[in-house]
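Heads up: the sequence lines are chains P, D and X, in that order. Per the numbering used here, the first sequence starts with residue 1, numbered consecutively. Per the numbering used here, the second sequence starts with residue 126, numbered consecutively. Per the numbering used here, the third sequence starts with residue 644, numbered consecutively.
Quick caveat, the hints were computed from the structure, so don't treat them as lab data. We treat Cβ as the ideally placed atom computed from N, Cα and C, and that holds for glycine. There could be a bad hint or two in this list.
[Claimed, not checked] Stretch by stretch, here's where chain X covers chain D in the computed footprint (C-beta under 8 Å, at least three residues):
1) 146–153
2) 160–172
[As the list claims (entries may be wrong)] Computed footprint of chain D on chain P, listed as stretches where at least three residues anywhere in the stretch have a Cβ under 8 Å from a Cβ of chain D:
3) 26–37
4) 80–91
5) 108–115
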Amino acid sequence: MEAILSFFVAIFFAVSIYLMLSKHIIRILLGVSIFGNAVNLTIFTVGRVVREVPPIIPEALQMPDTITANPLPQALILTAIVISFSFFAFLLVLAFRAYQELGTDDTDGMRVAEPEGEPLPPLGY
Amino acid sequence: MAAETVDISHAMVMAPATAGDWLVVAPVAIPILFGALLLMVRHETRLHSGLAIGGLLMTLATNIGLLARILNEGPQVMTMGRWLPPFGISFTADALGASLALVATLVACVCAFYGLKDIGATGRRYGFYPFMLLMMAGVGGSFLTGDIFNLYVWFEVFVISSFGMLILGSTHQQLDGATKYAILNLVGTTLFLTATAFLYGIFGTLNMADIARKADAMRETGPLVTLTMLYLLAFGMKAAAFPVNFWLPASYHTPRIVTAALFGGVLTKVGVYALLRVLVMLFPDERQVLSGVIAWVAAATMILGIMGALAQSDIRRMLGFVVISGVGVMMAGLALGTEEGLTGTVLYAFHSVLAMTALYLLAGVMNEIGGSYSLHDLSGLYRKSPLIAALALLLVLAVAGLPPASGLWPKVLLVRASIDAGQPWLSFAILLTGFLTTVALGRVYILAIWRQKEAPAGEAAAAASPRIGYAALVILTVPVLLLGIYPDPFIRIAAAAATGLIDSSAYVGAVFPMGVQP
Amino acid sequence: MRTLIFRTIAPYLTSLMVLFSIFVLLRGHNDPGGGFIGGLIAASAFAIYGIACGVSPVRRALYFHPMAISGFGLLLSTLAGWLSFFFEVPFMTGLWTKVSVFGLPVDISTVLFFDIGVYLVVVGSITSIALALEEREHG
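Construct the complete structure from the given sequences, taking the supplied hints into account.
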């Protein structure tokens with residue numbers, strides 16, 4: 001099972017890196033979103049995949065008597081999803097504003113903050 | 126119900142948490158509290174500055190208390206929700222984290238004070254102060270947490286809040302800079318998460334003390350060098366180390382000057398802190414393997430950074446590059462990994478937080494009385510304000526690493542450490558960087574302050590006298606000067622931080638007082 | 644998007660979804676659910692209302708600014724953590740008490756208030772982002 005999942009993780013990473021290499025903000029954003037999912041799948045896979053036994057301790061015992069599923073990776077993934085979700089929502093708004101105001105989503109054209117051909121500082125008095 | 130009879134001492138911390146123990150979380154919980162309050166009263170802009178400065182001063186007080194307690198009693202721990210570590214999230218404060226949190230909060234107080242004038246009612250309504258407090262909560266949490274996944278969460282907290290501060294005003298420049306900053310930082314933190322995923326896969330734990338004590342046993346089987354390399358890349362991106370530093374000069378000059386000051390002073394240092402914590406404390410042997418790589422990265426960062434500064438005519442853009450070259454100097458100590466080198470790095474971090482914030486604020490004051498950020502336009506400021514000329518001289522000397530200001534001693538330590546470690550070329554790089562910094566900033570001083578230009582038809586710009594700016598600069602210059610003239614206490618704290626990193630037994634012992642459990 | 648059918652249904656749909664979100668929030672204690680997912684449901688309810696009837700009716704209906712709501716949620720969560728201070732236990736330790744409402748025992752805990760805080764943070768922040776996007780869409 002882990003082998004198959006690792007294969008998917010690899011595909012996710014490859015796709016996201018390919019998209020992030022693009023010049024267009026919208027593609028980069030799609031890549032970033034897939035990147036986040038690739039990492040979530042990684043966490044899930046490295047947390048070891050076992051049968052779906054819920055980690056609940058029976059009432060009479062101090063610890064579970066069989067091997068249970070590991071709940072921690074899911075907690076980590078949930079946190080990561082929440083964070084990447086809010087991050088992504090913010091980025092969408094930001095990219096949309098930037099597209100409206102700057103009139104381009106091509107990163108080569110976004111030179112407002114660092115204009116081309118700025119003069120060098122004065123060399124003397 | 127059987128629940129009444131279960132003995133919970135196997136799962137929970139039973140010792141009562143005294144007010145002193147609460148000092149560990151207070152530097153994080155207080156700014157969150159005040160940030161939340163400020164968000165609620167967003168439209169009552171009159172209340173903002175008072176609440177923010179009050180909250181930050183309280184945070185500063187708890188930071189001072191925490192550092193004093195740590196220096197007396199060793200690292201302090203509080204585990205959230207009473208769950209025994211490694212299951213609960215432990216806040217673990219040692220000398221390194223607490224001292225950096227203290228310096229960062231001090232700088233934030235000064236920036237909040239400077240913001241009284243720099244941030245108008247519109248900026249306040251857009252949430253400058255709430256974002257600032259939430260960002261400081263994130264920064265404090267990063268410095269004080271003892272759990273690596275929690276460190277990731279705090280990274281995201283301060284990165285997201287920093288976006289809010291960055292686009293305050295929404296000019297075209299800011300949107301452009303913020304887009305690049307946001308995307309590259311998101312990639313950086315996601316890399317951090319990737320590395321943490323693999324770390325969890327290898328160790329099965331996320332508590333840093335737990336990782337530190339288990340790393341020796343894992344060295345044979347786990348791919349720890351790969352892991353360390355991933356962390357180096359992820360944190361290097363946050364710290365703005367070459368070759369993943371291009372987000373910084375693209376964005377740091379676009380926001381309000383007080384925001385830039387806080388970012389330039391504090392944020393990159395969080396990356397450096399994370400590098401120190403993970404590479405030196407958790408994976409020292411792997412850091413040794415990678416030390417050659419780190420040394421080259423450090424040298425490239427400092428020299429290319431300062432060369433970028435030489436080519437800029439806008440003071441704010443130049444300062445962005447100066448921040449980068451400072452990160453290179455700090456990474457030199459990381460590459461050496463000796464106690465003296467790390468002491469130098471920590472001391473340089475103190476100096477850099479104070480001096481870079483002060484320099485950005487200085488640029489803001491210069492803009493106010495000189496009317497520009499460009500070296501082409503600024504001139505003759507010493508006539509308008511001799512005080513600024515004096516403060517600027519001190520700050521330029523500090524960043525260049527010349528006496529009598531704060532930059533001297535960390536560089537002395539780092540140069541000596543690199544010679545002792547048999548890497549004289551690294552000390553040459555540090556000295557060359559110092560020389561080029563002197564050239565770059567000395568030029569600013571000469572052009573903006575000494576140069577006499579023919580006054581363009583009557584000096585209509587009546588001498589504005591930004592009192593708040595002067596006061597903020599004086600407050601920051603005092604510790605800068607103190608660090609230069611009487612460095613002993615600072616060096617002692619930095620040395621305590623460095624020993625705590627190299628020998629993690631006190632840190633581990635504080636988290637696991639009962640010793641190693643099966 | 645502003646068809647007659649949608650505009651007629653949207654208020655009912657929104658109120659149902661908000662009700663459901665509170666149900667999800669409260670059941671989250673022992674069953675799947677909780678503040679985050681409940682908050683998302685409520686936020687999407689407001690987003691639907693905004694798409695159907697425009698943004699300003701939503702702002703009027705919410706009365707408070709969405710960011711103020713999320714600020715209050717953050718305050719509530721943090722205070723739930725700070726309450727531990729007075730019981731000499733570490734930050735964010737769950738504290739429980741039983742109260743009787745009309746003869747029914749109800750468990751009240753700091754965990755519950757923390758979760759309500761999370762709910763309000765999510766409702767406020769996601770609604771404010773959604774409304775900002777919708778405002779742009781319509782002019």
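Going down the list of hints, with the structure as the test:
no.: 1; hint: 146–153; verdict: holds (count 3)
no.: 2; hint: 160–172; verdict: holds (count 9)
no.: 3; hint: 26–37; verdict: holds (count 5)
no.: 4; hint: 80–91; verdict: holds (count 7)
no.: 5; hint: 108–115; verdict: holds (count 5)
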